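Given only the sequences and the hints, what does the whole structure look like? Please build it.
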Amino acid sequence: MNVIGTAGHVDHGKSTLVERLTGIDPDRFAEEKRRGLTIDLGFAWLQLPSGREIGLIDVPGHERFIKNMLAGAGGITVCLFVVAANEGWKPQSAEHLSILDILDIRHGVVALTKSDTVDDETLLWAEEEVKERLAHSSLADAPVVACSATTGAGIPELLDALDKVVGAAPPSPDLGRPRLWIDRVFTIAGAGTVVTGTLAGGVLSVGDEVELAPEGRRARIRTIQSHKKSVDSIGPGNRVALNLVGLDRQGAERGDAVVTPRRWRPTDRVDVEIRVLAADIAGVSHELTEKGAHLLYVGSAETPVRVKLLGRDRLQAGERGYAQLYLRDPLPLGRGDRFVLRDAGRVLTFGGGVILDPLPSRARRDDTERVDLLSALRDVDAAGAFETLLEAEGVLGMEEAALRSGLATVPEGATRLGSDVVSGSRLESLQRDLRAAVAAFHEDHPMEPGAPRAEIRAALAIEPDVLDALIATTSDVEADGTTVRATSHRAAFAPEERAVRDRLVAALNEARFTPPFTKELDVAPELVRALVNSGELVRIGDFHLTRALADEARSTVRNEIAARGPMTVAQIRDLLQTSRKYAVPLCEWLDSTGATRRQGDLRALGPTP
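Numbering-wise, my numbering comes out as the position in the sequence shown, counting from 1, plus 266.
Be aware that a few hints might be false.
If you anchor each label on the Cβ, the simulated ranges turn out as follows [said to hold, decoys possible]: (1) Gly473 with Ala674: 15 to 23 Å; (2) Pro712 with Ala674: 46 to 54 Å; (3) Val798 with Gly473: 58 to 66 Å; (4) Gly482 with Pro791: 51 to 59 Å.
It should be emphasised that the hints constitute simulated quantities derived from the structure, not laboratory data.
Source: prediction; values computed, not measured.
Don't be surprised by glycine CBs; every beta carbon is placed ideally from N, CA and C.
Below, the structure written as structure tokens:
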């Protein structure tokens, strides 16, 4: 479905035409009816000759209500531009065209209303003037249809023209990231809060948990209506009313957005491309600098904004450039969102543009790399933006990468390291750093089996889950428990260390099952650890045995139990000709290896031979 918005100067017959087309009076307030003047947004719908159903947003034309007009224009895809034949082009005609041009609305029909009040020559003159005014705008190709809401003349032709334009307009895409800018909030007795807006970006369903951005208040969708029909689920491009559970009326207002949690993040800083309108579209010549007071309009939201131009200090009428905008009020903005800028002091619409990066780091005016990045982001789709941002940053959090590129989730083929996603060049760099850190440790500690994980993580300044994923992608590095080592690494002993090892092994073999305790050994602890890791020594409690003696103790005890039955610690002590201070840890070691199994005060045969 498409949503059509009206545009045009005050009192040119927009609301009257909408009522003629739809049978619905879009003016909701008594003051609007009393004054014959649209003050706020009005809503209606109709079925076109082809059977397509469309929504209509009627916007106010008076300059005092331009804020309300902008709130409605943010959700439209097709325009019904209204110009009265008896008055012709007027100041608000120009400003409304400026807004539509900035929002890049390329599909529309011009209704030349009140055609019954002028002669043929005047009607022809009015039509030519409209075409001339539109010639350099996004609506340059819009058909012009003369009509009268009073007599009905031209109404069938207008409906046919709308039908063709709507059929040519692209459908609203489903990006998996629904967002509904709220343009109206009201309460229904017994139902609670109802918010309305034009849904874009994804599907909403009854029962969905949603978030009111930017405040982050949570609610649940109780019911959904579109054109006063209840539905269980609805897609993008529709006018929607949501009955929300868990919100007071004060919990939502125009300018808020209904979004799905974690799919959007409010931001107060965005990188953008700005276009200052040419004088032949805006009707005035404007120069944009960082001075002055500016207002930003996007969706149904309005906020003061500070402009920092990038790479230059001003933009003249008709020029484009890049900038970083600082919003007073955070908003849930995304890449590709179009916005309008107004000069608060001169009270005029002078330009706007498109958001290229909704979550950028702070920029400098002379940041040439940032300008190059924004130039690269300008003409790519969401997938291309993901690749461009990732290559520029090297590493991004997965949620941040998706939000900045406009994707619902990170692409399946992306290289993930823990909770991050990395570019190919960044991955290669991290792998080089990992190999270098591990190699440096092996060089400084040749007898150690590997480097402690914490030490490698600190050297690379990465999180534990990232280190685990990095090791898994690096073929010549492996992890073993709490250590990381090169797959080719083996503990190496210098000649003097080999001599110490030989003396230690001889002394332990001579002492048999009454060896010196570890703290009594006159040997470097690093050497002892290396011998344990290599399997030459076995640690048992507070002492060590050679591998041969440990195997001998194991087989001796098991053979005796097999021949005579379960044994006590004292019997095992006597069998191995040792003392209790050795026998107890020996029995515990035998239990832990499965050689024996404890039964009260006895040791029986264990499951492991």
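Quick rundown of the hints versus the structure:
1. For Gly473 paired with Ala674, a C-beta distance near 20 Å keeps the hint of 15 to 23 Å intact.
2. The given range of 46 to 54 Å is respected by Pro712 and Ala674, whose C-beta atoms sit roughly 50 Å from each other.
3. Between Val798 and Gly473 the beta carbons are some 59 Å apart, a value that agrees with the proposed interval 58 to 66 Å.
4. Between Gly482 and Pro791 the beta carbons are some 54 Å apart, a value that agrees with the proposed interval 51 to 59 Å.
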